[in-house]
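Q: Sequence:
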Amino acid sequence: MAIDPPTLDALVRRHVASMTSIRGRRVHRLLMREFARFDHVLSATASDGSPALLALALDGSAAVCSTNGRGAAAAVDAWARLIGASVSTRFDLTRDSLPVLSWTIWHPGFDRGTGALTIALEGLTDTDRRQVAGLLKVLAG
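Residue numbers (my numbering): 332 to 472.
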């Protein structure tokens with residue numbers, strides 16, 4: 332099931348908050364259109380420290396956008412399947428339950444500037460965490 336529009340809107344608004352009003356509105360419109368079909372959209376951090384959004388669908392498709400709103404264009408990279416993706420999971424060793432702290436995803440198709448994407452679990456519900464963990468296991472093959 333596709334992500335509900337209010338949830339997507341809130342994530343995208345956080346992503347564009349630091350952009351100028353005109354660019355922010357344009358990037359917001361772009362991401363609302365391009366990511367609407369995905370089941371999960373996650374805030375991530377690119378290797379260079381810049382913010383990114385990663386969209387994942389239950390069918391294994393994915394998309395990434397890491398624009399900061401500067402420049403003449405914004406790229407949304409999309410894949411029917413992220414075959415060959417590498418997923419690294421960080422666990423909290425200070426707690427007996429060994430909870431997941433974050434996931435880092437790398438794929439040879441990711442933009443050189445984006446590099447690997449790290450997803451922190453802050454703000455994800457337990458249900459979302461389980462679903463995303465399942466999707467990432469599928470990606471990792």
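Derived by calculation from the structure, the hints in this document are not laboratory data.
For each residue, glycine too, the CB sits at the ideal point set by N, CA and C.
Be careful, since some hints might not be right.
Unchecked claim - No more than 20 Å apart at the CA atoms, straight line, and that leaves these computed lysine to aspartate or glutamate pairs for EDC-like:
(1) 468 with 457
(2) 468 with 390
(3) 468 with 335
(4) 468 with 423
Claimed, not checked - The calculated label-pair distances, taken between Cβ atoms and stated as ranges, are:
(5) 422 with 402: 33 to 39 Å
(6) 361 with 426: 20 to 26 Å
(7) 423 with 356: 35 to 41 Å
(8) 430 with 335: 37 to 43 Å
(9) 424 with 361: 37 to 43 Å
(10) 406 with 345: 15 to 21 Å
(11) 430 with 356: 33 to 39 Å
(12) 432 with 390: 40 to 46 Å
(13) 427 with 360: 41 to 47 Å
(14) 392 with 453: 32 to 38 Å
(15) 351 with 412: 32 to 38 Å
(16) 344 with 417: 28 to 34 Å
(17) 431 with 353: 22 to 28 Å
(18) 404 with 459: 17 to 23 Å
Q: All hints are to be evaluated individually against the structure, with a verdict given for each.
A: Results of checking the hints against the structure:
1. 468 with 457: Roughly 17 Å between the alpha carbons, so the hint for residue 468 and residue 457 holds.
2. 468 with 390: Holds. Residue 468 to residue 390 sits at ~13 Å (cutoff 20 Å).
3. 468 with 335: Not OK: residue 468 and residue 335 at ~23 Å, beyond 20 Å, violated.
4. 468 with 423: 19 Å, holds
5. 422 with 402: 33 to 39 Å: Since the Cβ atoms of residue 422 and residue 402 sit about 37 Å apart, the hinted range of 33 to 39 Å holds.
6. 361 with 426: 20 to 26 Å: 39 Å, violated
7. 423 with 356: 35 to 41 Å: 38 Å, holds
8. 430 with 335: 37 to 43 Å: Violated, since residue 430 and residue 335 (Cβ atoms, about 26 Å apart) do not stay within the stated range.
9. 424 with 361: 37 to 43 Å: 40 Å, holds
10. 406 with 345: 15 to 21 Å: 20 Å, holds
11. 430 with 356: 33 to 39 Å: 37 Å, holds
12. 432 with 390: 40 to 46 Å: Roughly 27 Å apart at Cβ, these two residues miss the hinted range, so it is violated.
13. 427 with 360: 41 to 47 Å: 46 Å, holds
14. 392 with 453: 32 to 38 Å: 25 Å, violated
15. 351 with 412: 32 to 38 Å: 35 Å, holds
16. 344 with 417: 28 to 34 Å: 31 Å, holds
17. 431 with 353: 22 to 28 Å: 38 Å, violated
18. 404 with 459: 17 to 23 Å: 31 Å Cβ-Cβ, so the 17 to 23 Å window is violated.
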